[in-house]
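Trainee: Listed below, chain by chain, are the residues.
Number of protein chains: 4
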Amino acid sequence: MGFARKEYEFLRELGLGPRNPGSYINGKWKGSGPVVCSVNPANNQNIAEVVEASIQDYDEGMQACSEAAKIWMQIPAPKRGDIVRQIGEALRMKLQHLGRLVSLEMGKILPEGIGEVQEIIDMCDYAVGLSRQLNGSIIPSERPNHMMLETWNPLGIVGVITAFNFPCAVLGWNACIALVCGNCVVWKGAPTTPLITVAMTELVAEVLEKNNLPGAIFTSFCGGAEIGQAIAKDTRIQLVSFTGSSKVGQSVQRTVSERFGKCLLELSGNNAIIVMDDADIKLAVRSVLFAAVGTAGQRCTTCRRLILHESIYQSFLDQLIGVYKQVKIGDPLEKGTLLGPLHTRASRENFEKGIEFIKSQGGKILTGGSVIESDGNFVEPTIIEISPDAAVVKEELFAPVLYVLKFQTLKEAIEMNNSVPQGLSSSIFTRKPEVIFKWIGPHGSDCGIVNVNIPTNGAEIGGAFGGEKATGGGREAGSDSWKQYMRRSTCTINYGNELPLAQGINFG
Amino acid sequence: MGFARKEYEFLRELGLGPRNPGSYINGKWKGSGPVVCSVNPANNQNIAEVVEASIQDYDEGMQACSEAAKIWMQIPAPKRGDIVRQIGEALRMKLQHLGRLVSLEMGKILPEGIGEVQEIIDMCDYAVGLSRQLNGSIIPSERPNHMMLETWNPLGIVGVITAFNFPCAVLGWNACIALVCGNCVVWKGAPTTPLITVAMTELVAEVLEKNNLPGAIFTSFCGGAEIGQAIAKDTRIQLVSFTGSSKVGQSVQRTVSERFGKCLLELSGNNAIIVMDDADIKLAVRSVLFAAVGTAGQRCTTCRRLILHESIYQSFLDQLIGVYKQVKIGDPLEKGTLLGPLHTRASRENFEKGIEFIKSQGGKILTGGSVIESDGNFVEPTIIEISPDAAVVKEELFAPVLYVLKFQTLKEAIEMNNSVPQGLSSSIFTRKPEVIFKWIGPHGSDCGIVNVNIPTNGAEIGGAFGGEKATGGGREAGSDSWKQYMRRSTCTINYGNELPLAQGINFG
Amino acid sequence: MGFARKEYEFLRELGLGPRNPGSYINGKWKGSGPVVCSVNPANNQNIAEVVEASIQDYDEGMQACSEAAKIWMQIPAPKRGDIVRQIGEALRMKLQHLGRLVSLEMGKILPEGIGEVQEIIDMCDYAVGLSRQLNGSIIPSERPNHMMLETWNPLGIVGVITAFNFPCAVLGWNACIALVCGNCVVWKGAPTTPLITVAMTELVAEVLEKNNLPGAIFTSFCGGAEIGQAIAKDTRIQLVSFTGSSKVGQSVQRTVSERFGKCLLELSGNNAIIVMDDADIKLAVRSVLFAAVGTAGQRCTTCRRLILHESIYQSFLDQLIGVYKQVKIGDPLEKGTLLGPLHTRASRENFEKGIEFIKSQGGKILTGGSVIESDGNFVEPTIIEISPDAAVVKEELFAPVLYVLKFQTLKEAIEMNNSVPQGLSSSIFTRKPEVIFKWIGPHGSDCGIVNVNIPTNGAEIGGAFGGEKATGGGREAGSDSWKQYMRRSTCTINYGNELPLAQGINFG
Amino acid sequence: MGFARKEYEFLRELGLGPRNPGSYINGKWKGSGPVVCSVNPANNQNIAEVVEASIQDYDEGMQACSEAAKIWMQIPAPKRGDIVRQIGEALRMKLQHLGRLVSLEMGKILPEGIGEVQEIIDMCDYAVGLSRQLNGSIIPSERPNHMMLETWNPLGIVGVITAFNFPCAVLGWNACIALVCGNCVVWKGAPTTPLITVAMTELVAEVLEKNNLPGAIFTSFCGGAEIGQAIAKDTRIQLVSFTGSSKVGQSVQRTVSERFGKCLLELSGNNAIIVMDDADIKLAVRSVLFAAVGTAGQRCTTCRRLILHESIYQSFLDQLIGVYKQVKIGDPLEKGTLLGPLHTRASRENFEKGIEFIKSQGGKILTGGSVIESDGNFVEPTIIEISPDAAVVKEELFAPVLYVLKFQTLKEAIEMNNSVPQGLSSSIFTRKPEVIFKWIGPHGSDCGIVNVNIPTNGAEIGGAFGGEKATGGGREAGSDSWKQYMRRSTCTINYGNELPLAQGINFG
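Protein chains in written order, with full-length UniProt numbering: chain H, 1 to 508; chain W, 1 to 508; chain Y, 1 to 508; chain R, 1 to 508.
These aren't lab readings, by the way, just hints derived from the structure by calculation. Certain hints may be false.
Note: identical chains are not told apart, hence a pair may lie in one copy or across any two.
Stated by the list, open to error - The calculated lysine-lysine pairs, modelled on DSS-like cross-linking and capped at a C-alpha distance of 30 Å, are:
(1) K247 to K262
(2) K325 to K6
(3) K483 to K30
(4) K483 to K328
(5) K70 to K411
(6) K210 to K335
(7) K394 to K364
(8) K432 to K353
(9) K359 to K94
(10) K247 to K79
(11) K282 to K411
(12) K30 to K335
(13) K411 to K483
(14) K364 to K353
(15) K70 to K394
The model shown is predicted, which means the values in this text are computed figures rather than measured ones.
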């Protein structure tokens with residue numbers, strides 16, 4: 001059987017065919033759930049079919065995964081690192097193809113599709129180094145002949161639930177770290193990007209097989225809310241890493257907490273860029289363009305609020321509207337395109353409804369505001385002038401819609417930045433040290449990502465990624481994020497013959 | 001007005017009188033809620049009265065605390081450290097008196113009462129050093145002319161809800177760290193230890209006053225569930241540190257999560273000691289005695305399960321029962337007493353009910369098992385032989401009741417240790433390196449505290465204290481516990497004129 | 001016998017009399033070497049006499065110290081921390097008196113004398129915290145059933161040789177850390193500040209005695225080069241921490257290296273302040289005044305070179321000369337004095353010779369340049385215009401003499417800063433982020449201390465203090481400086497029964 | 001022109017021919033110094049020729065290297081990491097060939113030759129991860145509106161002088177770290193292993209070229225003492241990492257110190273294995289065999305002293321002599337060989353002289369002791385019974401000669417271990433926790449490497465490698481060894497308008 005279009009033939013290089021089983025269970029591909037179609041957001045035509053996991057598939061997979069966990073956690077961390085290194089090498093070989101698939105199925109432009117895969121490769125390299133640095137501590141004991149250790153042990157199984165907008169990078173952040181830390185990984189990708197889920201899994205599976213390791217170390221399911229719920233409830237899964245909306249994330253956390261499991265949440269953002277009167281305007285305009293229009297406004301770090309100093313307000317907007325009008329909209333795989341389609345037909349409808357609601361709250365459209373008639377899910381990049389007090393400004397509309405707000409003092413600008421429920425990313429453009437250091441200090445931005453003279457997005461893997469408040473408080477990728485994937489033991493070993501007590505207590 | 005008994009006169013040294021306002025609000029003592037009596041558990045007579053906080057008191061206090069937070073977070077951390085140093089010095093001056101009060105009001109024996117206060121003093125010393133070491137990181141950026149920083153900022157206000165069994169040490173763990181990290185502290189002590197709450201607060205208050213700092217930096221309420229609920233719901237409190245039962249802790253977490261706040265939970269333990277066939281039996285017997293009988297079995301780290309190798313089972317029990325019979329029970333303030341009363345009349349009743357339930361599940365009393373007729377809440381230290389499968393073994397009965405279980409292999413012993421919902425503390429007694437390192441490794445104890453040849457209790461402040469699973473996952477005191485009291489910002493500063501993107505992405 | 005002057009009577013509070021034994025040996029004060037007089041630099045009159053150590057005294061002291069080392073290194077670090085805490089408390093009690101003695105004997109103004117003692121107190125507080133944080137690491141091993149540890153053990157004995165300009169703070173940096181790390185300390189203070197050496201030692205001695213610890217844990221000698229040489233050669237002293245000139249330091253290093261000992265060197269500085277055209281001039285002028293005139297130019301961090309942007313060159317100089325002329329010169333103990341005497345008559349002569357030499361190299365005196373006729377060692381604060389190529393600019397003249405240089409570009413200014421053999425401290429005054437970050441980056445200052453908008457001096461204890469190149473490369477006080485005072489062991493423990501080799505090697 | 005023997009043809013795969021220029025200068029291969037022959041130690045026949053560097057070559061190379069340093073240090077560390085990753089990949093492709101060359105030219109058996117190359121590959125992987133973790137610190141400042149940073153900048157150029165016994169792994173330890181830290185590398189390999197020097201350099205050169213980077217980033221010279229001296233004296237080289245004898249190392253250090261450069265020394269070892277009475281004898285025998293005979297006793301970590309508890313002395317020796325007699329001696333490239341030749345004819349002569357000297361000091365040969373007549377440099381593996389007081393026991397004879405000593409108490413055994421000038425590696429075999437922890441504690445082994453139940457050799461790259469006392473004190477490979485390759489700057493940035501001074505000093 002062939003693909004509907006010849007241009008999809010490259011998918012065979014990724015192990016994909018016109019119809020694909022969507023569960024990687026105990027080292028084998030299966031699938032007994034519903035059949036879904038992967039749809040090209042640029043034209044809403046089918047790319048290929050995937051058979052999702054049923055609950056029976058899930059249980060079979062988790063059974064095997066639990067067994068595999070006992071083996072994997074005993075393999076020395078540097079050896080686990082070597083497996084992750086091989087995954088990185090495999091990704092390097094498929095970088096172009098995988099990047100193309102991301103672009104095709106998710107709808108982001110090709111450089112971003114490739115950039116997303118590159119990020120997993122970077123994570124693999126990073127995790128390899130980390131596999132020799134998951135260091136515990138030896139802490140001085142106050143008691144003679146005692147040694148106090150802080151050791152880090154694997155959790156067991158880490159569940160990873162990812163969203164459509166970064167259909168593989170977020171898996172990469174989690175899986176690279178989880179694996180070197182000695183955990184098995186259970187992945188549920190987004191229901192609308194099943195081909196990427198299958199392709200990524202296939203690549204990992206081949207590495208495991210080549211090394212004679214149980215395939216169940218990496219268990220993967222295409223599926224929807226039912227599988228997500230099963231993961232949240234499953235006591236065999238010690239940590240659930242969830243990426244998605246604040247609302248769903250909160251519900252996942254409730255379910256996981258009820259069974260005393262751990263959660264790592266990456267939820268909604270509502271990110272602002274502040275432009276001070278002394279800013280490098282050219283740099284700031286380019287940054288806002290990338291931050292607000294890139295990935296069609298569907299990054300969690302997309303800039304949704306532009307906070308301009310009154311003295312440069314109008315001239316900045318003039319320039320920004322100018323570049324907005326030059327944005328090339330179209331097929332994300334085509335060279336030169338800056339704005340691809342929204343991911344689904346439903347997203348396009350949400351955009352339309354959102355614009356109506358914005359208008360009803362007094363929003364004034366400065367540019368854009370309409371969907372583009374086509375087979376795909378294209379919409380215009382949009383700038384809206386609105387009061388900071390409008391309720392809609394506190395919400396995340398997942399589309400290239402930017403609210404513009406005006407301020408007079410730095411204090412006011414920071415208060416605006418901090419006034420939304422979410423706390424993911426934030427940027428300021430300025431050339432004054434006192435502003436920079438205030439912005440990153442106790443009275444500055446309350447977000448997890450606090451940038452200066454760069455857009456709200458584009459985090460590097462060496463730092464910890466994540467946000468505060470309704471963004472969920474989790475941190476992924478670099479810094480000491482790995483500690484969340486491990487169990488900390490405070491150990492005191494008495495190797496003497498006496499029993500001195502801490503705090504000098506005398507007992508008996 | 002005088003105290004009921006002359007021996008309570010020392011309380012005046014701690015700023016206490018026969019009747020005390022129980023809310024420290026905006027630097028002043030107040031109280032418009034119910035009047036409660038503090039009761040001596042050794043005779044169930046009143047010691048003194050305290051006026052609890054009303055919800056109006058609470059709101060007034062929090063208002064002031066919010067204002068104080070803005071000031072406190074801007075004071076350089078080493079200066080905050082100096083305030084904590086002065087608190088430590090003040091505690092040193094009152095060590096004997098405070099320790100005596102802890103013993104009197106809570107019921108633990110005097111050396112433990114003094115040890116508890118000593119632990120706060122140690123925490124102060126530790127936090128002073130820490131105030132110059134709350135280090136952020138400078139992380140190499142992949143982009144030229146960019147600097148990536150991980151900075152740590154204060155959260156704002158930390159709510160601390162403590163339990164009767166450590167009526168002041170747990171406050172110390174939290175407050176010392178929270179304060180140097182730049183947070184104001186809101187404390188609700190246990191309803192049955194209000195005098196300690198008032199005395200500790202008074203001591204902190206005097207230090208703040210002497211330094212002309214707002215008293216509201218440390219806000220304190222005597223009160224019960226209503227105040228606890230108010231803290232859990234209060235969006236002005238970024239972190240709630242709760243110590244108590246798994247059940248209440250889970251409810252607190254649910255409430256705090258709903259408003260996207262942070263929780264630090266120290267919940268129930270169900271701690272086991274494993275004794276291997278090669279153990280130093282004398283050391284182990286003494287350790288079990290301290291672990292199971294100390295603080296009348298009311299420590300969260302109390303040993304509740306004794307897992308004995310079959311080959312030493314009987315001889316170990318014989319020795320243990322021997323020392324149990326010599327335990328001196330009585331007034332905790334009297335020299336030589338090892339076992340004081342349970343904290344309340346209700347605890348004593350719970351003990352009685354518990355013993356009945358244990359019997360109904362097949363438990364066989366080897367020693368103890370009865371309450372002691374007296375005005376106080378005294379009970380016998382109790383050892384029970386029971387099947388590891390009995391449901392009651394999975395629960396925490398807060399009394400000096402020890403279950404004895406038998407094992408054949410190390411694997412079996414570790415499985416028993418890990419078979420309960422709680423995951424706080426655990427110990428093994430052995431002289432074999434292979435057993436020691438297995439015990440602290442991936443297939444060993446699943447608790448937060450993993451000891452070797454010492455009891456389950458007696459953590460030193462340099463390590464992180466806390467446990468896994470139903471124990472809540474929080475970590476307090478040493479190691480990097482301080483990070484939970486701060487907000488992490490990943491900052492990227494572009495100080496050049498170009499806009500390179502991460503992952504080498506090209507946009508526009 | 002009484003002191004020559006009544007105003008010296010306060011010295012009795014510090015345990016000093018008109019004649020003092022100068023060796024603290026095995027817990028007793030002794031002295032069988034030459035008798036020296038401590039001289040007041042403000043009037044060159046004797047304050048009191050000290051009997052220096054003979055080589056016999058030295059040997060007796062070291063014998064006892066070696067014995068004490070075996071005991072001290074086994075005391076748990078947190079207990080050692082408690083001793084250092086008590087030293088800090090003792091210093092707090094004597095802060096005013098000790099500060100006064102520093103001012104009297106060394107010649108620095110009283111606020112600086114007290115500040116110096118405060119710095120030791122800060123170090124004590126810091127070291128107490130550190131005593132629970134001298135953490136080793138547990139590193140993941142690539143071999144199953146192996147544990148890799150990095151542990152830190154005491155060195156044994158640390159020799160500390162300090163200079164007259166910080167007669168006690170430098171001891172404090174070294175001793176606080178060395179002691180909590182488990183080392184005994186052998187101290188030789190400067191020959192011209194023996195009273196401070198005796199007073200500081202006495203204070204430490206009292207704490208040791210109160211705790212029933214061997215006095216030899218802290219062994220102290222007044223003496224000169226002979227004792228210094230003995231320390232350098234002594235194989236019982238694992239680390240020699242030396243503060244002084246580059247020339248002597250190099251010789252000490254040679255001697256210590258020949259016996260494969262370790263050195264920690266804090267040698268000459270030749271510190272520059274760069275003032276950019278955009279600088280806050282008022283802030284910069286005040287900073288240069290403190291940096292160049294403070295401690296009469298006898299700090300190792302004294303600013304000796306002022307590098308001014310041509311556009312502000314003249315106006316800056318005008319302002320600076322203005323404030324130089326208002327500097328109050330006189331008795332350092334008198335309120336309002338900013339400039340006390342040089343430390344010795346010889347220093348004053350060096351100043352005179354130095355000025356002559358500067359003139360011979362083309363230096364033009366803009367202000368000052370003369371000694372002040374008096375009984376004391378007073379000289380005028382001096383500013384010199386000179387070519388950056390003059391040889392004398394590369395040298396450290398230990399007096400309040402400031403060279404002024406002119407630059408056009410940042411690159412040129414940084415090259416000037418880096419063009420001297422020494423590499424201790426450096427500052428830039430600017431308000432541009434790109435300048436700040438370039439200055440602290442790979443192509444910026446090559447010094448150990450790299451400041452922005454503050455003077456070259458005034459390091460905080462939390463950071464590491466020290467410099468590069470001819471400054472010797474050592475680092476003292478904060479950060480991970482403590483590691484220099486310990487022996488690092490990389491330990492691999494095999495607790496299994498197999499013998500896997502690293503790097504997968506097969507042997508036999 | 002062809003190779004002398006057909007079996008050398010594989011060298012072409014490594015870019016080698018029968019005659020090779022030996023200096024890699026400014027990206028080009030040159031050589032105008034003496035022509036030397038690389039000799040096969042198994043038969044003393046020539047393998048190929050290399051033209052060594054002249055001093056003119058050296059100067060030309062260093063000139064280019066200095067220029068390249070300015071570029072390399074500005075490339076972001078993660079990009080530098082990517083270059084090191086590519087070097088690792090290139091090594092992986094040539095692992096078998098390079099391992100074979102190491103075995104051929106150095107004389108170690110093939111599994112060790114391949115293991116040595118694998119170690120560099122591991123180092124590359126590790127360094128790639130490290131390139132995003134060369135973290136500086138942000139330290140809390142005691143002054144408001146001040147930020148204190150500890151930043152790490154490249155040194156510039158690192159000189160690496162390696163020895164014949166690890167002709168490429170030691171380069172790997174140094175170069176991988178030095179390169180990601182932003183330093184150029186100047187390498188002088190051992191004069192007797194020039195082919196490995198050329199082959200390794202060629203491989204690095206190709207990676208640099210492919211990335212359009214200056215070849216001078218990695219500058220390499222074949223040569224002897226003259227080039228070594230030039231490196232030691234060269235002020236352009238900020239750090240000299242030297243591996244070799246204590247005597248030469250001390251001289252290098254003297255030269256480098258005279259110009260205030262930095263040294264990293266890996267000098268002689270004299271490593272002992274202690275076998276306790278409770279040891280796993282089989283494991284210990286196998287370990288001693290590998291430790292004493294592996295690499296023909298030419299590892300710096302070779303076990304040279306075997307310290308046996310009297311109770312197992314004779315039986316242990318019997319077993320050990322038994323396995324010694326079965327050791328297969330012969331061509332290192334042949335399968336099954338355990339003992340290859342000594343590296344040079346001179347080494348063989350040293351062995352003979354050494355044995356004579358040992359005998360003259362009372363040493364009794366238990367097995368071995370003779371050279372083996374052949375064209376190669378083969379000698380017998382030798383065990384000697386000798387008094388621990390014999391002077392020769394304190395020295396390092398670089399051959400498979402093992403001294404056996406007897407002890408009664410642990411204390412005595414540790415004293416023997418610590419009684420030599422060197423302090424590199426040490427092992428104990430025991431099953432008692434109290435012995436293990438004493439051994440790694442303050443009163444245990446004084447070496448840099450302190451093993452338990454494994455041989456003295458076989459360090460993993462995650463830990464720090466190096467030793468104390470006459471071993472030189474340097475640490476390479478893992479842990480925080482990277483700090484030695486960087487310049488530490490303590491930066492304080494004032495971003496406010498005030499000038500508060502540290503330690504609360506008031507000036508003017």
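Trainee: Does each hint fit the structure? Answer for all of them.
Mentor: Here is what the structure says about each hint:
1. K247 to K262: Result: close both inside a copy and across copies, 18 Å intra and 17 Å inter.
2. K325 to K6: neither (34 Å within a copy, 70 Å between copies)
3. K483 to K30: Neither way: K483 and K30 sit 33 Å apart in one copy and 43 Å across, limit 30 Å.
4. K483 to K328: Result: close neither inside a copy nor across copies, 43 Å intra and 45 Å inter.
5. K70 to K411: between (54 Å within a copy, 13 Å between copies)
6. K210 to K335: between (37 Å within a copy, 27 Å between copies)
7. K394 to K364: Within. Shortest intra-copy distance 17 Å satisfies the 30 Å Cα cut-off; inter-copy 62 Å does not.
8. K432 to K353: neither (41 Å within a copy, 46 Å between copies)
9. K359 to K94: Neither: 45 Å inside a copy, 65 Å across copies.
10. K247 to K79: This pair counts as neither: shortest intra-copy Cα distance 39 Å, inter-copy 39 Å.
11. K282 to K411: This pair counts as both: shortest intra-copy Cα distance 24 Å, inter-copy 26 Å.
12. K30 to K335: neither (37 Å within a copy, 46 Å between copies)
13. K411 to K483: Classified as between; 27 Å across copies, 35 Å inside a copy.
14. K364 to K353: Answer is within; shortest intra-copy Cα gap is 15 Å, inter-copy 69 Å.
15. K70 to K394: Classified as between: cross-chain Cα gap 24 Å, same-chain 45 Å, threshold 30 Å.
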